[in-house]
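A.B. asks: Take these sequences, add in the hints, and give me the full structure.
Residue numbers (my numbering), protein chains in the order written: chain A, 1 to 233; chain B, 1 to 334.
In short, the hints are calculated from the structure, not lab data.
Please note that a few of the clues may not be correct.
[To be verified] Estimated spans, in silico, between C-beta atoms of each pair:
hint, chain 1, residue 1, chain 2, residue 2, range
1, A, Q191, B, A141, 35 to 41 Å
2, B, T223, A, E111, 25 to 31 Å
3, B, L324, A, P166, 45 to 51 Å
4, B, F114, A, E111, 52 to 58 Å
[As the list claims (entries may be wrong)] Examples of chain B residues toward chain A, derived with CB under 7 Å:
hint, residue
5, G172
6, N221
7, R226
8, V228
[Unchecked claim] Examples of chain A residues toward chain B, derived with CB under 7 Å:
hint, residue
9, A82
10, M99
11, I199
All C-beta atoms, glycine included, are put in the ideal place defined by N, C-alpha and C.
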Amino acid sequence: MLTLNNVTAGYGSLHILHGVTFSVNQGEIVALLGANGAGKTTTLRVISGLVDAQGGSVVFNGQDITNTRSDKRVGMGLVQVAEGRELFGTLTVEENLIMGAWTASHADRQETMVEVLDLFPILAERSKQRAETMSGGQQQMLAIGRALMARPSLLMLDEPSIGLAPKLVNQVLESVQRIRASGVTILIVEQNAAATLAISDRAYVMESGAIAFEGQGTHLLNDDRVRRAYLGL
Amino acid sequence: MVSTQTTASADSAVSRGWQLPPNAKPILVAIAIAILVFFLAYLRTDGSSLILTQALVTGLMAGGVYGLVALGLTLIFGVLHVINFAQGALVTLGMYVTYVVANDLGWNPYLTLFISIPLLFAFGALVQKIMINRSMGEEHANTLLLTLALGLLIENALLLTFGGNPQSVRTGQETVYNIFGAVATQSRLIAFGGALILALLLFFMLQRTSIGTAIRAVASNPTGARLVGVNTSRIYVITFAIGAACAGAAGTLVAPIVSITPVAGEVFNITAFVIVVLGGLGKVLGALFGGLIVGLAEQFGGILFPDQSNLLGVFIVFVLILFLRPQGLFSSNS
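C.D. replies: In structure tokens:
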């Protein structure tokens, strides 16, 4: 579904990714793990088009999207929940969700809204509230809900559990499983390696801008090398 | 995380323009100052209520148009973070559009709104697309110099085409209305009413339509907008076009009142900047109220300091705001 071939990227003269190659198959939950600064977030931003790839290629559903504008990628079904959520703080919860469906048709929007509010009922209660006035957990749900409004076929989540209480972390990861069950492929970046590997089919471990390991989610969790070197367990 | 969201949105909250701040203290201070000014003006005019009423009426009517110009300026700043120094020149451009269409084609001057608004919209879109979009995301100084240059370019192109002599737009016979003893000409009333209607239309467009929501979304978080698939460059083009159209409409509305010269829009430029600071950067209704306040400041400044520039009162308000409430009257954060 998604393939990265030897992708290099960075910010100005700062090179972050030195040839990243991996793929995500339809229906999977794939985790991208690694220490801070390994290039996980940059990888997601290259896939969503927020950061330009300097070399290599990104192929989505058989189409080379390396040079496709970020807003067009959303329309193709490639949607990212960014680190820091990037909500429209001054807009209401409802307006945030409506904006999430910017690339979708009006009829689809109504239908998807029902599904999203079913997944996160709190968003229905808070629909007229400004997004910035909500708690961190609610904001994360809104960020995921807004991304779902675009009807993604591949949803990328960047650190969805960051700054959340443990109970909320489980709630968010549970919702990720429910989203996969509804037919959406998931690529997730997380610091919380143990909990993420438990729900992932496969995982890649990144180290200094490249993929160092690949493995089945639970196998990686039991691999001593990986545990010590990359997961900090 | 909540705190970063708040700061990020604070200086660009186009969407929050209509809200009263949670603490009404600065509003009360402003009202106290207004009452003091009114009282001083009362003493100064030896208790002539007619002069005061006239100042109120004239000030409010001029303020409506100032507000419309500032609205365009504040919208452009709130969404693009571009300070548009050409806003006054765009007002002038609107005046000349009306001058040409009304005098040469014999249109009713106010009907030329149907020419000046789309024309300035298209002009603004073009400017943003071919000029400013290329410098977006660089230093503020770059876009600022670009718009400054654009303003000079427009003024000198007008000077080259129409010469420096003041022109006027022919109107029919001027009806004069009596408002609580004060006089108001029909053209001033139309300028005021027209500016108010256009400003409110724009406000509802921003609040109720999907393109308006997208504009507010880009103002609130441009990265978030890209993540949901908004082409932010296109929103920047539309927003600059709307800002320019506001200036063009204002130019048409005042064309029958002012004497039209290539620099006639300068005063609108100056007042618009004061208003935007007064109302809070990026606040839509703040710009409208700010316009009325500046219109009044101009008139009451004229009463308190006769034989001085009309702008003296405006600048006093400006300095007071910078001292007392630099984030603007209608911003809730400090």
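A.B. asks: For this structure, which hints from the list above don't hold up?
C.D. replies: 4, 5 and 11
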